[in-house]
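Protein sequences appear in the order of chains A and B.
Going by our numbering, the residue at position 223 of the first sequence is 223; the numbering climbs one at a time, nothing skipped.
Count along the second sequence from 1, then add 1000; that gives the number in our numbering.
Some hints could be false.
Here are the simulated DSS-like pairs of lysine-lysine, each with C-alpha atoms no more than 25 angstroms apart in a straight line [what the hints assert, rightly or not]: (1) Lys2/A <-> Lys272/A; (2) Lys150/A <-> Lys1067/B; (3) Lys150/A <-> Lys1052/B.
Treat the hints as calculated values from the structure; they're not laboratory data.
Note that the coordinates shown come from a computational prediction; the quantities given were computed from them, not determined experimentally.
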Amino acid sequence: MKLFDRLAAIDRRIIYLSVGLVVAIPLILKFKMPIRVSQEVRSAYETVENLPSGSVVLASIDYDATSAPELTPMFRSFLRQCFRNELKVIYTGHLAIGLPLAQFDLDMITEECNAVYGEDYINLGYRPGFVAVMIGFGREIRDFFAVDYKGVPIDSFPMMKNVHNYNDIALIVDFGHGITPDYWVQYVVSRFGVKMFACATGVMAPSLYPYLQAGQITGLIGGLQGAAEYETLVGNPETGTFGMPAQSIAHILIIVFIIFGNIGYFISRRKK
Amino acid sequence: MNLIGTWIAAGLTIAILSFLYRDNPLYKFAEHLYVGVSAGYWVIYIWAFDVKPMLIDEFFRQAGMEKWILIIPAIFGIMMMMRWFPNIAWISRWPISFTVGIAAGLALTAQVQGYIIPQIQATLLPLISIGTKASETIVQSFNNIMIIVGVFCAILYFYFSREHKGALKVGSRIGIVFLMIGFGASFGYTVMARISLLIGRLMFLFGVFGLR
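So here's chain B without its partners, still in its complex pose (with noise of 0.2 angstroms):
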């Protein structure tokens, strides 16, 4: 059965690959089903593992007047399915909402928590930092001196209220070298990414074909 499953995959991938030269029917078809699997595969996994053991076996499971709490989560499901029905659609906008709701608080207090107040304390770098060895000293207040300037010089660049002229306008121009850096290191890493997984698919197909 896993032979039969690795040849599938195999032929699946070749099917992917040959988009590279064109566009074809069997691209096509690979595509489809990738697709079609997902959806079903997602639909199965929901089912297993939220709305039966989460929503459906807990009611059941428990007792007394607590248990009646889950038919709120069950009624908001319901509305969101209305918006399968154009007329009834907006019925879907309440629990959207509420989803919402909480995740804009929840995001709130973590972004402030979690990046805002962490991010700037780690800026606040002595320019000068004393190592133990000479060179440690000189490479660490470099590397402070970097980012004090990167930070500093990059939101100036997105300072919109004044013209960019004179001493702002200096300032700008070294926030955006510091800007298409970050730029550049992330090209790089996509790069990387993406041969990665031309890597991976190839093993896979070398592993099936005996060349590895």
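Okay, chain A solo, but in the shape it has when bound (with noise of 0.2 angstroms):
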């Protein structure tokens, strides 16, 4: 009983110094463990796979450093794939914090890949008001992107020659760590027939299951977990995979304290 009643008062820096060192530890001795690819991660991949050579996709950043650790490693590894698949990137977003920061990626990438600006992929950059910057490009995207991020007229640019709206754009991929998956789908999805995948933060996954159950996206990466599946299967291993085992471990910390709370509040409460 003694045992139960100190846990319950137990210091609340005590449980995040041990969730600190279990995520710590496997990160600093690099634990590795295989990762089991799902089906919605499989479906995603499968979708960019499928798509012919010379294709338009569209990347949407909608995430900022808050949700960059779960869903950076899900957008260089969808930048890998396009361009070893030949396809067009079109980079725009709708949180300008975040366009900066995945642009880092970006460049990354795009060296790493040796895509040429222009003719394999183009930064759009910013624009407000994301419902009506949604729903108009499906009439035409210079109504609100007559030039790219650094002012230079989009039509100079070998790939944006034949690409107007939704019609020219084989896939849509939205990196959402908010309500944007849900508007690309009721929004854009749903009206104009675009295909799309959404990539999304461990929070916000959940709610997209049922656009999947219903065949509304074609896939979901949802999470770190999802972006370690989804590294596997790119075949680039990188800050997804190895932040799993950290992450299993954690949960199983997680899982352990939450039996011992409920252990130790029933306890109490046949006390009383």
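Got two chains here, separate frames each, mind docking them using the hints?
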């Protein structure tokens, strides 16, 4: 009994410290674990694989620093897969503060893959009023982005010559940590019939499963686990894969805390 | 320059994490710095990617009468800023009403066309789904039954026009079990997301200190 009383009164800083340690130790010692690929991540991967070379895909960056550890590995893997399959990437987004952050990754991967600006990818930048932009793209991209993020007219870039609206875009991929994946599905996929899959944070992923089950999105990559699975398929294990052992051990610790907490709660309730 | 930026980022990360021990001036400094920098960044970004290219530059670029339509959003924008002056703050309600009206109109069709109808369609499933293998048939049929029962019972839980007694009580109880499983899945994913953030920050710090 006393043990559970003590556990109930434990200093929260001890819990923080123990979580910190179980996350830090696997990262320092570089633990490894096998990654099993789920069907929803495989579907997302295959959606890109099945696109004909030269297809235009739109990557919407709708996350910022608060979700970067989960979404950055997905974005990097996505770019690698696109450039490997000779797809053309339009880079834009609806979170002003997120676009420059993800541009580090865009620059890194385009350099690694020898992708040429204006031929293999373009950075449109940001425009406010995301629903208006999403719907407006259905008519003409140039209504919102006559120029790229540096102010250069997009008509001067070869890859944009014949790209005007969703009819010319083979796939939309949303990297979102908020409501934007829902908006893409509701405002664009249902209205214009464009193919889409979502890369979402762990917090958002459960709310997107109904879209997957209804066939409104072709795949779903959720949280660090999804990132690790996607990296495995693309063949470039990086932060997602390396973070999974720490994630798994931390989950075990939290499960132990929950079990102890509940046992303690029921014992103290019985005492009363 | 990059090195200095990296060390500043590492220092600020540690300052923020120090809150876990207790509130302290270092944490407060990092927090206020973050709020200030974010606000300043937004202002510059909105100016550079919105007001200047889409309003000012566009006005001077276009020729003829068409460009004068840009006066409307310009006036609406100025009216929105009236919120700063308590005596005439009511003027900001007009552009807000305009924005809310547009958003409501767009959301109405989007919700019906993009959410309600496809989700109802996705629930109209056969109870027995024949697959190529017996195991596939069993699993798929089980999934379909779970979806149908789950949706039906969860809706029953939110049916408040009659007292939950008899069959309605049983149905709503099953409904709440499905809801709890849903909340549990969301909680599990949220824990995963929060731990991922810690992993991301620790990976960054270990990278800076040469531990990875």
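We went through each hint and held it up to the structure:
The straight-line distance between the Cα atoms of Lys2/A and Lys272/A is roughly 15 angstroms, inside the 25 angstroms bound, and the hint therefore holds. Distance hint between Lys150/A and Lys1067/B is fulfilled; the C-alpha atoms sit about 23 angstroms from each other, no more than 25 angstroms. Taking the CA atoms of Lys150/A and Lys1052/B, the gap is about 13 angstroms. The hint holds against a cut of 25 angstroms.
Violated hints: none; the structure is consistent with every hint.
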